[in-house]
Structures are given as C-alpha cells and as structure tokens.
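Novice: Going line by line, the protein sequences match chains H and U.
Take the first sequence: its position 116, counting from 1, is numbered 116 in the working numbering, and each next residue is one higher.
Take the second sequence: its position 124, counting from 1, is numbered 376 in the working numbering, and each next residue is one higher.
A few of these clues could be false.
What the hints assert, rightly or not - Computed, partial: chain H to chain U, Cβ under 7 angstroms:
id: 1; residue: VAL57
id: 2; residue: ARG60
id: 3; residue: SER63
id: 4; residue: LEU146
id: 5; residue: VAL149
id: 6; residue: VAL189
id: 7; residue: GLU191
Claimed, not checked - Here are the computed distance ranges between Cβ atoms for each label pair:
id: 8; chain 1: U; residue 1: THR313; chain 2: H; residue 2: ALA141; range: 15 to 25 angstroms
id: 9; chain 1: U; residue 1: LEU327; chain 2: H; residue 2: ARG157; range: 56 to 66 angstroms
id: 10; chain 1: H; residue 1: LEU34; chain 2: U; residue 2: LYS300; range: 24 to 34 angstroms
id: 11; chain 1: H; residue 1: LYS150; chain 2: U; residue 2: VAL303; range: 45 to 55 angstroms
id: 12; chain 1: U; residue 1: VAL303; chain 2: H; residue 2: LEU5; range: 26 to 36 angstroms
id: 13; chain 1: U; residue 1: GLY308; chain 2: H; residue 2: LYS150; range: 11 to 21 angstroms
id: 14; chain 1: H; residue 1: ARG77; chain 2: U; residue 2: ARG326; range: 46 to 56 angstroms
id: 15; chain 1: U; residue 1: VAL303; chain 2: H; residue 2: ALA141; range: 44 to 54 angstroms
id: 16; chain 1: U; residue 1: ASP321; chain 2: H; residue 2: THR14; range: 29 to 39 angstroms
id: 17; chain 1: H; residue 1: LEU44; chain 2: U; residue 2: VAL303; range: 22 to 32 angstroms
id: 18; chain 1: H; residue 1: ARG157; chain 2: U; residue 2: GLY308; range: 50 to 60 angstroms
Claimed, not checked - A few chain H residues facing chain U, derived, Cβ under 7 angstroms:
id: 19; residue: ALA194
id: 20; residue: THR195
id: 21; residue: SER203
id: 22; residue: VAL208
id: 23; residue: PRO212
id: 24; residue: LEU215
id: 25; residue: THR219
If you are wondering where the hints come from, they were derived from the structure by calculation, not from laboratory data.
Beta carbons are placed, not taken as given, at the ideal position from N, Cα and C, and that holds for glycine.
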Amino acid sequence: MASSLTFHPMEQFTVSPLFGGHEVHWYTITNQTLWMAIGICCILLLLVIGARARALVPGRSQSAAEVFYSFVHNMVRDVTGEDALPYFPYVLTIFCFVFFANTLSLIPTSFAVTSHVAVTGLLAIIVFLSVTILGFVKNGAHFLELFWVKSAPWYVRPALAVIELISYFVRPVSHSIRLAGNMMAGHAVMEVFATFAALIVISPLVGVFVTPLSLAAITAMYALEVLVAVVQAYIFTILTCVYLKDALHPSH
Amino acid sequence: MKRLAILAMLAATPAMAAEEHAVPFFSLHNPPFVVVIAFLIFLGIVVKAKVPGMVGKALDTRADQIRKDLEEARLIREEAQMILASYERKQKEVQAQADRIVAQAKSEAQTAADQAKADLKASIARRLAAAEEQIASAEQAAMREVRDRAITVAVAAAGDLLTKQMNAKSANALIDDAIGQVGARLN
Numbered sequence: 001m002a003s004s005l006t007f008h009p010m011e012q013f014t015v016s017p018l019f020g021g022h023e024v025h026w027y028t029i030t031n032q033t034l035w036m037a038i039g040i041c042c043i044l045l046l047l048v049i050g051a052r053a054r055a056l057v058p059g060r061s062q063s064a065a066e067v068f069y070s071f072v073h074n075m076v077r078d079v080t081g082e083d084a085l086p087y088f089p090y091v092l093t094i095f096c097f098v099f100f101a102n103t104l105s106l107i108p109t110s111f112a113v114t115s116h117v118a119v120t121g122l123l124a125i126i127v128f129l130s131v132t133i134l135g136f137v138k139n140g141a142h143f144l145e146l147f148w149v150k151s152a153p154w155y156v157r158p159a160l161a162v163i164e165l166i167s168y169f170v171r172p173v174s175h176s177i178r179l180a181g182n183m184m185a186g187h188a189v190m191e192v193f194a195t196f197a198a199l200i201v202i203s204p205l206v207g208v209f210v211t212p213l214s215l216a217a218i219t220a221m222y223a224l225e226v227l228v229a230v231v232q233a234y235i236f237t238i239l240t241c242v243y244l245k246d247a248l249h250p251s252h
Numbered sequence: 253m254k255r256l257a258i259l260a261m262l263a264a265t266p267a268m269a270a271e272e273h274a275v276p277f278f279s280l281h282n283p284p285f286v287v288v289i290a291f292l293i294f295l296g297i298v299v300k301a302k303v304p305g306m307v308g309k310a311l312d313t314r315a316d317q318i319r320k321d322l323e324e325a326r327l328i329r330e331e332a333q334m335i336l337a338s339y340e341r342k343q344k345e346v347q348a349q350a351d352r353i354v355a356q357a358k359s360e361a362q363t364a365a366d367q368a369k370a371d372l373k374a375s376i377a378r379r380l381a382a383a384e385e386q387i388a389s390a391e392q393a394a395m396r397e398v399r400d401r402a403i404t405v406a407v408a409a410a411g412d413l414l415t416k417q418m419n420a421k422s423a424n425a426l427i428d429d430a431i432g433q434v435g436a437r438l439n
C-alpha cells in the first residue's frame, strides 16, 4: 500500500488493447474502440429504436429523439441558413457522436473518447476539408473572397488577408483542441481530487477533512462536467455550422 | 445509464487489477473507485432532486403539447372545411340566381323583340293603308278635275255652236217664244 499520495491523473486516458497484447495496431480493438461503439449503440438506441414507433404524438423515447433532431435542425437553420439544410444529416451525426462520447465518458472507469485529439482532430479535419471543398465547389474562385475583407479600407486588406488565411488554417486546431482539452481537463481534475481521498487512510487527522472535501469536490465537478459535456458538443456543432456558413456565403 | 456503468465497472476491474501499482479496485487509494463513489453521490443528488421525473414530465408535456396542437389543427381544419362548404353553397346559390337573372333577361329580351316585331308590322300596315288612301284620294281628285274640265270644255263648245247658229230671226223667234212661254206661265 502506498503511504503517500501518488498522482496519475493522465493514466485514465491510456489507450489499451482489450484482448491482450500491448501494441496498438490500426485494427486493434481497444477501450477507445469499445466506447466509440457504445456511443454509436446509444445513438442507434435513441434515434432508431427509440423513434421506432413513428407515432404522430410521440412517446417519451421518440420525444427525446425528436428533441435531438429538432435542436440540431434549428441550429443549422438559424446559424447557417435554409440553404444549408442538405448538410443537416452530417451536422446531426457530428452532434450525436460528440454528445454521446462526452456524456458516456462521465461514467466512472469508462473511457473519454473525445479527450483524445486523435478523435477530435480527425473530426475537425473532416469538417475543415469538407467545408473547404464545398466552398470551392459551390463558389469556385469566389470562395477566396472569404479572405479579402471588402468592408475594410483597401490599405489594410492585404494584412487582413494574411490574418484571415492564418485563422482559417488554425480553425481545425482550435476546433479539435477546444473539445479534447475540455474533456481531458475535467477528467484529470476529477482524478486529482479523487487521489486526495486516500488521505484518510494515510493520516486520519487530515483525512477527516480532506476526504469528504474531495468527494464533495468530485460531485460538484460532476455537475460541472455534465454541463461541459453538453456545452462542448453544442460548441463543436455550432462551429461546424459557422464554418459551413463561410463555405456557402464566403463574401463578407 | 446505471446498468451501463455497472457493466463498465465489471469490464474494467480485471484491467485495473493488472496495473503496475497493484491497488485493489475497492480502495480509497484507487482514484477510479473514489470517482465511482462521487458518481453515485451525484446520481443520488440528481434522483433526490427529481431530475429524471422532471425530464419525463417535460417529455410528457411535449407530447401533450403536440397532441393539443394536433387537436387544434384538426379543429381549425374542420372549421375551414365548414367555411369552404358554406362558401360553396353560397356560390351555388349565387350561380342559381345568376342563371335565373339570365333566363329572365332572355325572356324579357324575347318579349321585347316580339313586341318590336309586332309594332313594326303594325306600323308597316298603317303606312301601307295611309299610302293607299293617299293614292285613292289623288285618284279621286284627278277624276274630279277631269270631269270639271270636260264640263267646261262641253259648255264652251255648246256656246260656240249656239253663237255660230244664232241669227236675228231665230233670235227674235227665240225671244218671242220665251215671252210667250212666260205669258202662258203667268196666267
């Protein structure tokens, strides 16, 4: 037994093979794979099984599915506009995946899929590439007007173009790190708080105060993390909508 | 969610035990276990605050709202159908009225045309009669004139003839005759 506190807050993010072995190949089924699959199963459960009744007056599960659907639908329409509705399925997919990955990671001993930049980065790159390609397909060379701020005086436009160009390419980075960082930080903080709970075993005098405090702190963190999980899923999705808007209407 | 958590714990336990600093799972030295406790406390608070009930209620309220909206839409639809029917009825009535007016106008026009035809006929007849009368009167006037002329011519011719045949002797005889006639008559 450890007689002092040892902190391993990042250990929970280790990707490890589920069926033995230590090396992770592209085909290795890891805890990452498992929790992504669970997330996808939850989406299926909600949107396919839950909405199976297709009743005109929805039951509870169908109502929940409809709330999801209409929430994202309204978001796409309000942020991006009516002409972006063909891309709504893509946005809904992103929202559902991130939402369930985030919320499932709150289950203790589960694996936080979206705390890995490998996951969020790929999502962000797919968004970046599809939005860029869509922008050029829809607008041709006019898409470059996105970088040429016509509302600014002519002499600052070149400088702004450079800034706009940089900020455009930084988008996938900020897009992915915002989500991964938030998820990772919350889980790491909880783990650090949890480590303090062992103090009552090491030194009962201090532990009497610290251990309940750490439990209370983690409980409070849970409330915060539920909020963060939902809000980050929302932010990731709404940013996708904003980028999509730029692709559809590039001129300032 | 809870069931999933238990499943996850069961799945995770052997892996945890195999970790390098061999801490048993159910120990305060094992942070994941502490997190599990905090998670259960959190869930307890959530259940105590009746959050699941509230969520369920919100979903039910939504269903009720949808049902109410549907009912309302149905009512509005029925009302609209009623209005439509009444307008259709009105339109039919108006159509009938219009037909009636047209028929009446037609018959009136027919009557007027007949009347006009009859009038025309009468007027033609009248004019014809007038013309005939005029012709007749003109004829009579002409005949009268011819007759007058003939008389005048005959008197003149007789005068001429008498003047040519009369001499003194015959004139005296005529006068004597006449005086004799007068004397005989006076007596």
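Novice: Each hint should be assessed against the structure and marked as holding or not.
Specialist: Against the structure, the hints come out as follows:
At about 5 angstroms, the closest approach between the beta carbon of VAL57 (chain H) and any beta carbon in chain U falls short of 7 angstroms, and the interface hint on this residue holds. Look at ARG60 (chain H): its Cβ gets to within about 5 angstroms of chain U, closer than 7 angstroms, so that hint holds up. Hint on SER63 (chain H) holds. Least Cβ distance to chain U is approximately 4 angstroms, under the 7 angstroms limit. Of the supplied interface hints, the one on LEU146 (chain H) is violated, with its beta-carbon coming no nearer than about 40 angstroms to a beta-carbon of chain U, more than 7 angstroms.
Contact between VAL149 (chain H) and chain U, as hinted, is not supported at the beta carbon level, the nearest pair being about 44 angstroms apart and thus beyond 7 angstroms. Annotation: VAL189 (chain H) was flagged as interfacial toward chain U, and the flag is violated, the nearest CB pair being 11 angstroms apart, outside 7 angstroms. Among the interface hints, the one on GLU191 (chain H) holds; its C-beta lies about 5 angstroms from the nearest C-beta in chain U, closer than the 7 angstroms criterion. Between THR313 (chain U) and ALA141 (chain H), the C-beta spacing of about 51 angstroms breaks the proposed range 15 to 25 angstroms.
As the Cβ distance of LEU327 (chain U) to ARG157 (chain H) is approximately 59 angstroms, the hint placing it in 56 to 66 angstroms holds. Range check, LEU34 (chain H) to LYS300 (chain U): Cβ separation about 32 angstroms, and the 24 to 34 angstroms hint holds. For LYS150 (chain H) and VAL303 (chain U), the hinted distance range of 45 to 55 angstroms is satisfied, since their beta carbons lie about 50 angstroms from each other. As the Cβ distance of VAL303 (chain U) to LEU5 (chain H) is approximately 34 angstroms, the hint placing it in 26 to 36 angstroms holds.
Taken as a hint, the range 11 to 21 angstroms is violated for the pair GLY308 (chain U) and LYS150 (chain H), whose Cβ atoms sit roughly 52 angstroms apart. For the hinted restraint 46 to 56 angstroms between ARG77 (chain H) and ARG326 (chain U), the CB-CB distance of approximately 27 angstroms leaves it violated. A hinted range of 44 to 54 angstroms holds for the C-beta pair VAL303 (chain U) and ALA141 (chain H), which are about 53 angstroms apart. About 51 angstroms separates the C-beta atoms of ASP321 (chain U) and THR14 (chain H), a value inconsistent with the hinted range of 29 to 39 angstroms.
Look at LEU44 (chain H) against VAL303 (chain U): about 25 angstroms separates their beta carbons, and that is inside 22 to 32 angstroms. Distance hint check: the CB atoms of ARG157 (chain H) and GLY308 (chain U) are about 56 angstroms apart, consistent with the given range 50 to 60 angstroms. Given hint, ALA194 (chain H) at the interface with chain U, holds; its Cβ is 4 angstroms from that chain's nearest Cβ, closer than 7 angstroms. About 5 angstroms separates the beta-carbon of THR195 (chain H) from the nearest beta-carbon of chain U, less than 7 angstroms, and the hint is met.
For SER203 (chain H), the shortest C-beta to C-beta distance to chain U is roughly 12 angstroms, which exceeds 7 angstroms, and the interface hint is violated. Interface hint status for VAL208 (chain H): violated, as the beta-carbon distance to the closest one in chain U is roughly 13 angstroms, over 7 angstroms. Look at PRO212 (chain H): its Cβ only gets to about 10 angstroms from chain U, farther than 7 angstroms, so that hint breaks. For LEU215 (chain H), the shortest C-beta to C-beta distance to chain U is roughly 5 angstroms, which falls under 7 angstroms, so the interface hint holds.
Given hint, THR219 (chain H) at the interface with chain U, holds; its Cβ is 5 angstroms from that chain's nearest Cβ, closer than 7 angstroms.
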